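Colleague: Sequence:
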Amino acid sequence: MTHFKRILSYAIAGIMVLQFAACGVAGESVGNVSQGAEESAVQESGETAEKTVGTSENDGAPANTDGIVGEWVMVYEIHRSVYEEEEPYEYVTMCDDYYAPESELRIRKDGEKLVADYKNTYEMGVDRFYGNELIYRAEPAYEGCENSDWSYALSMPFDDDEEKIITLTDADTLVRYEAYETDPEEMSEDYYYYRNETRSVYLRKDSPRLENPEKLRYFKTVTVSNAQDLLKNIANNTKIILEAGTYDFTDISFEELDNPYVNMEYGEYHITASNLCLEAKDGAEVLICVADPYIPVLAFEYSNNVTLRGLTVGHDVEPGYCSGSVLDYSGVGGITIENCKLYGSGTYGVRANSCSFMNVTDTEIYECTYGLVSLSNINDALFKNCEMRDSEDMAMFDLWSVYGVVFEDCKIHDNVSSQNSEGIFVRLGDEYGDVTFRNCDFSNNSYTKFSDYSVTLEKCSVNDNVR
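Its first residue numbered 1, the sequence shown is counted upward by one per residue in the working numbering.
Take the hints with a grain of salt, since some may be wrong.
[As the list claims (entries may be wrong)] Label-pair restraints from in silico Cβ distances: (1) Tyr180 <-> Lys384: 42 to 48 Å; (2) Ser376 <-> Glu265: 53 to 59 Å; (3) Tyr294 <-> Asp117: 26 to 32 Å; (4) Glu123 <-> Tyr403: 48 to 54 Å; (5) Ser443 <-> Asn359: 21 to 27 Å; (6) Asp390 <-> Arg128: 35 to 41 Å; (7) Asn465 <-> Glu255: 46 to 52 Å; (8) Arg128 <-> Lys449: 20 to 26 Å; (9) Glu256 <-> Ser418: 22 to 28 Å; (10) Glu123 <-> Asp251: 26 to 32 Å; (11) Lys113 <-> Asp362: 52 to 58 Å; (12) Thr121 <-> Tyr403: 23 to 29 Å; (13) Arg108 <-> Asn263: 22 to 28 Å.
[As the list claims (entries may be wrong)] Taking lysine to aspartate or glutamate pairs in the EDC-like style, the calculated list, with each CA pair at most 16 Å apart, reads: (14) Lys411 <-> Asp380; (15) Lys215 <-> Asp362; (16) Lys232 <-> Asp251; (17) Lys411 <-> Glu431; (18) Lys384 <-> Glu279; (19) Lys232 <-> Glu256; (20) Lys215 <-> Glu256; (21) Lys205 <-> Asp96; (22) Lys232 <-> Glu214.
The hints are simulated quantities; they were obtained by calculation from the structure and are not laboratory data. Computed from a prediction, not measured in an experiment: that's the story for all the values here. Even glycine gets a Cβ: it sits at the ideal position worked out from N, Cα and C.
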């Protein structure tokens, strides 16, 4: 069983650890997700918060237990899994994401005791527990925890074999940790060893940092000025600011990168990193390119929440035939393309397969050699206020098994769908596609037939050359 299939099978089985998955708070200049993610809550504000650690004369409990009292809101989850002898697999789910659980934790005093009220809302329902006692522990919540002095065990009904451990990493950041691993006595040839660790990181409910959830998404922000450093710094939960200049991937040595988030397949760089943002610095002119027309310029796969902002991306070759798109996405959930310029001779400006929740805004797609946009097996995509022009040969919109795809306030002009695509401008491939053009301006496009199946046109102007 492959690593991916195992993850999928455990997810389908409904492993409870995913319902209480771990979180952290973002900042800048923090290391990898496994170490120091919670520290970033302090670094994000540029201040060093006082840790509520120390001991009292009362049974060794912390002297300032009031520090953990309050109302807390989970902001993201960190999941870490180990299967058999494979390398650990780690990913982060931001609680602002559409599929993520929501969790609130209220810790209060009940006489001499500390108790917690806990609520967790997820896709399948809601968990609520009230009045669960916190049991003091004179040890860290987990190996490598910033607060190495103390933690609390959260007693949970009907779950005695899986303790939830709570600690503070600073005055404004609470972490809830738990782990589960296979019982060695239950292991067999068909029962794999695995261990899941999760960290749930909360902010105080009145924390001003909750006003900007997008900023919490990035644990690290770096600035780069060349293609080598750009590829080297790609990682989960990272914002990369690009200085003005050209970033040509053509001659970069893959062996020298030594970056597990960037892989090479058939001469193509494939990026697998979630909560990643590539952004031009303060409106700088940034070009990302390759000199090979047969590979995509930027290819992302099996990732979540990938953002490109203010970039020009294309193939640095003479116009002609090619087989690589400009941007290529496969198995990505949460795609943002904002204020970018995507040019040929890529086959398509944007190609995506098995993706969901795509937002392309204020972006120009032009001079592509096959068409403008190619989407297959897509749920929920919005292209808004985009200009799509000067491309020719195949269907300009090649859309297969798509649902909830909307083009809104777009200018679509000077494109040609030739007989290579039977002259079809919008190809759906089947009658069940759900595609809407709303308030779009079509002008000087040339084709024989607008679409092979029905699409919705709402308040659009069409001034095309129909052959």
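Colleague: None of the hints should be skipped; say for each whether it holds.
Modeller: Hint check:
Taking 42 to 48 Å as the suggested C-beta distance range, the pair Tyr180 and Lys384 conforms, at roughly 43 Å. Checking the proposed 53 to 59 Å range against Ser376 and Glu265 shows it is violated: the Cβ atoms sit about 19 Å from each other. Roughly 58 Å separates the CB atoms of Tyr294 and Asp117, a value that falls outside the hinted 26 to 32 Å. The beta-carbon spacing between Glu123 and Tyr403, approximately 19 Å, falls outside the hinted interval of 48 to 54 Å.
At roughly 25 Å, the beta-carbon separation of Ser443 and Asn359 lies within the given 21 to 27 Å, and the hint holds. The hinted range of 35 to 41 Å is not satisfied by Asp390 and Arg128, whose Cβ atoms lie roughly 57 Å apart. Between Asn465 and Glu255, the C-beta spacing of about 51 Å keeps the proposed range 46 to 52 Å intact. For the pair Arg128 and Lys449, the supplied restraint of 20 to 26 Å is violated, since their beta-carbon distance comes to about 56 Å.
In this structure the supplied range 22 to 28 Å is violated for Glu256 paired with Ser418, their Cβ-Cβ distance being about 43 Å. Taken as a hint, the range 26 to 32 Å is violated for the pair Glu123 and Asp251, whose Cβ atoms sit roughly 46 Å apart. Between Lys113 and Asp362, the C-beta spacing of about 55 Å keeps the proposed range 52 to 58 Å intact. Taken as a hint, the range 23 to 29 Å holds for the pair Thr121 and Tyr403, whose Cβ atoms sit roughly 26 Å apart.
Arg108 and Asn263 have their C-beta atoms about 49 Å apart, which leaves the hinted 22 to 28 Å range violated. The hinted pair formed by Lys411 and Asp380 fails the criterion: a straight-line CA distance of about 20 Å is larger than 16 Å. Between the alpha carbons of Lys215 and Asp362 the distance comes to roughly 21 Å, so the proposed pair goes past 16 Å and is violated. The straight-line distance between the Cα atoms of Lys232 and Asp251 is roughly 14 Å, inside the 16 Å bound, and the hint therefore holds.
For the hint linking Lys411 to Glu431, the alpha-carbon distance of about 25 Å lies beyond 16 Å, and the restraint is violated. Of the supplied pair hints, the one linking Lys384 and Glu279 is violated, its CA atoms being roughly 19 Å apart against a limit of 16 Å. For the given pair, Lys232 sits about 9 Å from Glu256 by alpha-carbon distance, which is consistent with the 16 Å threshold. With a C-alpha separation of about 31 Å, the suggested pair Lys215 and Glu256 falls outside the 16 Å cut-off, and the hint is violated.
A C-alpha spacing of about 15 Å is found between Lys205 and Asp96, which places the hinted pair at or below 16 Å, so the restraint holds. As the CA atoms of Lys232 and Glu214 are separated by approximately 23 Å, the hinted pair breaks the 16 Å bound.
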